[in-house]
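With the numbering used here applied, the sequence shown covers 1 to 413.
Derived from the structure by calculation, the hints contain no laboratory data. Remember, it's a predicted structure, so these values are computed and weren't measured experimentally. A couple of the hints might just be wrong.
To be verified - Below are the DSS-like pairs computed for lysine-lysine, each with C-alpha atoms no more than 27 Å apart in a straight line:
hint, residue 1, residue 2
1, K181, K156
2, K156, K194
3, K267, K194
4, K181, K130
5, K229, K172
6, K92, K130
7, K231, K181
8, K172, K130
9, K181, K229
10, K161, K194
11, K172, K231
12, K161, K181
13, K267, K92
14, K92, K194
15, K274, K194
16, K194, K130
17, K229, K54
18, K130, K267
19, K54, K274
To be verified - Now the in silico label distances, taken between C-beta atoms and shown as ranges:
hint, residue 1, residue 2, range
20, K267, G158, 37 to 45 Å
21, N223, T139, 21 to 29 Å
22, K130, Y217, 24 to 32 Å
23, N378, K274, 19 to 27 Å
24, I290, S105, 53 to 61 Å
25, T139, Q117, 25 to 33 Å
26, S205, A275, 39 to 47 Å
Using N, Cα and C, we set each Cβ at its ideal position, and we do this for glycine too.
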Amino acid sequence: MAVSLEKNSAIKTKFSLLSRLAWQDLLHDRKVALCIIFSLTSVIAPLLLLFGLKNGIITQLHNQLLNDPRNLEVRMIGNGNYPPSWFDELSKHPDIQFVIPQTRSLNTQADLVADSQHFVSNAEIIPTAKGDPLLSDVTAPVEANTLVLSTSAAEKLGANKGDTVNLVITRKRDNNSERVKQSFRVVDIISDAKFSRPAAFVPLSVLIAMEDYRDGYQVPQFNITDGEKPKVRESFAKARIYASSLDGIAPINDWFNEQHIEVTTQKSQIDSVKAITYVLNIIFSVIMWISLFGCIASLIGAFLANIDRKRKDMAVLRLLGFHQLAVTFYIIIQALLLTSIAFFIGFLLYLIGSYLFTGLLGEQLPQNAFVCRLEPINILIALFTALFIALCVAGIGALRAVKIQPAESLREI
Numbered sequence: 001m002a003v004s005l006e007k008n009s010a011i012k013t014k015f016s017l018l019s020r021l022a023w024q025d026l027l028h029d030r031k032v033a034l035c036i037i038f039s040l041t042s043v044i045a046p047l048l049l050l051f052g053l054k055n056g057i058i059t060q061l062h063n064q065l066l067n068d069p070r071n072l073e074v075r076m077i078g079n080g081n082y083p084p085s086w087f088d089e090l091s092k093h094p095d096i097q098f099v100i101p102q103t104r105s106l107n108t109q110a111d112l113v114a115d116s117q118h119f120v121s122n123a124e125i126i127p128t129a130k131g132d133p134l135l136s137d138v139t140a141p142v143e144a145n146t147l148v149l150s151t152s153a154a155e156k157l158g159a160n161k162g163d164t165v166n167l168v169i170t171r172k173r174d175n176n177s178e179r180v181k182q183s184f185r186v187v188d189i190i191s192d193a194k195f196s197r198p199a200a201f202v203p204l205s206v207l208i209a210m211e212d213y214r215d216g217y218q219v220p221q222f223n224i225t226d227g228e229k230p231k232v233r234e235s236f237a238k239a240r241i242y243a244s245s246l247d248g249i250a251p252i253n254d255w256f257n258e259q260h261i262e263v264t265t266q267k268s269q270i271d272s273v274k275a276i277t278y279v280l281n282i283i284f285s286v287i288m289w290i291s292l293f294g295c296i297a298s299l300i301g302a303f304l305a306n307i308d309r310k311r312k313d314m315a316v317l318r319l320l321g322f323h324q325l326a327v328t329f330y331i332i333i334q335a336l337l338l339t340s341i342a343f344f345i346g347f348l349l350y351l352i353g354s355y356l357f358t359g360l361l362g363e364q365l366p367q368n369a370f371v372c373r374l375e376p377i378n379i380l381i382a383l384f385t386a387l388f389i390a391l392c393v394a395g396i397g398a399l400r401a402v403k404i405q406p407a408e409s410l411r412e413i
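Use the sequences and the hints to build the structure in full.
Structural data, given as structure tokens:
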């Protein structure tokens with residue numbers, strides 16, 4: 001046990017001595033060390049900026065596509081007569097995440113009024129329910145007298161969450177103009193990024209009541225008792241549909257084509273962004289691999305030249321009793337030290353470059369957008385990759401160093 005402890009202590013002492021020797025040697029030969037560091041930095045800094053731009057631009061384009069529910073919308077053109085069974089079949093489609101019936105286009109508009117000074121004429125009245133992608137980060141209206149406003153509508157009405165606004169629906173009946181006013185409580189407001197036009201999102205029952213009112217039927221929900229009782233609704237004119245993913249747009253479009261139903265999607269825009277992303281990926285990948293091979297070549301050339309230049313010093317180490325393994329560790333320690341310093345300087349240059357990119361291009365970007373960005377995990381991966389490459393290159397240099405004989409240090413005496 002005592003022998004084992006002494007052996008471990010000796011190993012630690014020798015390793016500590018090797019580390020100090022490696023560091024002192026770099027300080028003594030600092031001009032050459034700085035040349036190696038700067039040559040590595042000239043490769044590491046552009047690579048970090050390249051990865052930052054790739055992560056910033058391409059990831060942002062991809063996330064904008066994924067996170068913007070408007071890109072997932074499948075909009076039906078024209079009106080039809082679709083029974084509940086058709087909506088059931090549509091909702092079971094594997095690529096659809098949300099579907100809700102919708103009334104005729106003419107019955108999806110009404111006036112929103114807060115007071116005589118604040119109103120919105122012909123605002124869009126949109127049916128919604130739990131799971132609506134546009135309302136994913138707000139409270140969906142559940143009760144028949146609640147609604148969610150778009151930001152543009154809320155600004156025109158001067159309304160905030162919890163306020164009451166009036167929905168005014170007009171109709172022509174027996175050549176007379178009539179209107180009904182119903183009060184609604186604003187449960188939330190969605191951002192312009194989700195929906196930019198003046199609109200109110202309401203439960204489907206409100207749209208049905210609006211259509212019944214304009215068709216001249218009784219509407220208990222609006223306290224309208226004139227006219228006939230509304231018929232049992234057996235069909236709807238269209239639907240609000242959202243795909244579950246960008247890749248689901250094409251299959252849904254094909255499904256509607258088979259049904260001979262005309263729809264519009266953002267497929268062309270999605271394909272354009274995907275094409276741009278693909279091209280940028282290819283460009284960044286080619287530059288990255290060329291730079292990476294350049295980095296490896298730079299490391300190999302610098303370390304092998306340094307080993308050849310210090311053959312006599314390494315022979316002296318062998319003469320002092322350091323074995324081949326110790327010389328190998330000596331080379332590896334120097335390689336890791338040089339690479340770590342070069343990476344630190346390269347990272348500082350990356351921060352400066354990233355700041356300049358953001359400052360120069362920030363005004364041209366939407367809010368919260370970024371041009372160049374690396375996550376902490378990306379930086380750690382880059383650091384360990386650089387150290388691993390340095391370790392491999394140092395191993396190649398060590399194969400040459402272990403062939404140095406102690407006698408070489410005596411030949412010049």
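Comparing the hints with the structure gives:
no.: 1; hint: K181 - K156; in the structure: holds, 19 Å
no.: 2; hint: K156 - K194; in the structure: holds, 17 Å
no.: 3; hint: K267 - K194; in the structure: holds, 18 Å
no.: 4; hint: K181 - K130; in the structure: holds, 26 Å
no.: 5; hint: K229 - K172; in the structure: holds, 18 Å
no.: 6; hint: K92 - K130; in the structure: holds, 16 Å
no.: 7; hint: K231 - K181; in the structure: holds, 23 Å
no.: 8; hint: K172 - K130; in the structure: violated, 34 Å
no.: 9; hint: K181 - K229; in the structure: holds, 20 Å
no.: 10; hint: K161 - K194; in the structure: holds, 17 Å
no.: 11; hint: K172 - K231; in the structure: holds, 20 Å
no.: 12; hint: K161 - K181; in the structure: holds, 20 Å
no.: 13; hint: K267 - K92; in the structure: holds, 22 Å
no.: 14; hint: K92 - K194; in the structure: holds, 25 Å
no.: 15; hint: K274 - K194; in the structure: holds, 21 Å
no.: 16; hint: K194 - K130; in the structure: holds, 16 Å
no.: 17; hint: K229 - K54; in the structure: violated, 62 Å
no.: 18; hint: K130 - K267; in the structure: holds, 26 Å
no.: 19; hint: K54 - K274; in the structure: holds, 14 Å
no.: 20; hint: K267 - G158: 37 to 45 Å; in the structure: holds, 39 Å
no.: 21; hint: N223 - T139: 21 to 29 Å; in the structure: holds, 26 Å
no.: 22; hint: K130 - Y217: 24 to 32 Å; in the structure: holds, 28 Å
no.: 23; hint: N378 - K274: 19 to 27 Å; in the structure: holds, 23 Å
no.: 24; hint: I290 - S105: 53 to 61 Å; in the structure: holds, 55 Å
no.: 25; hint: T139 - Q117: 25 to 33 Å; in the structure: holds, 27 Å
no.: 26; hint: S205 - A275: 39 to 47 Å; in the structure: holds, 43 Å
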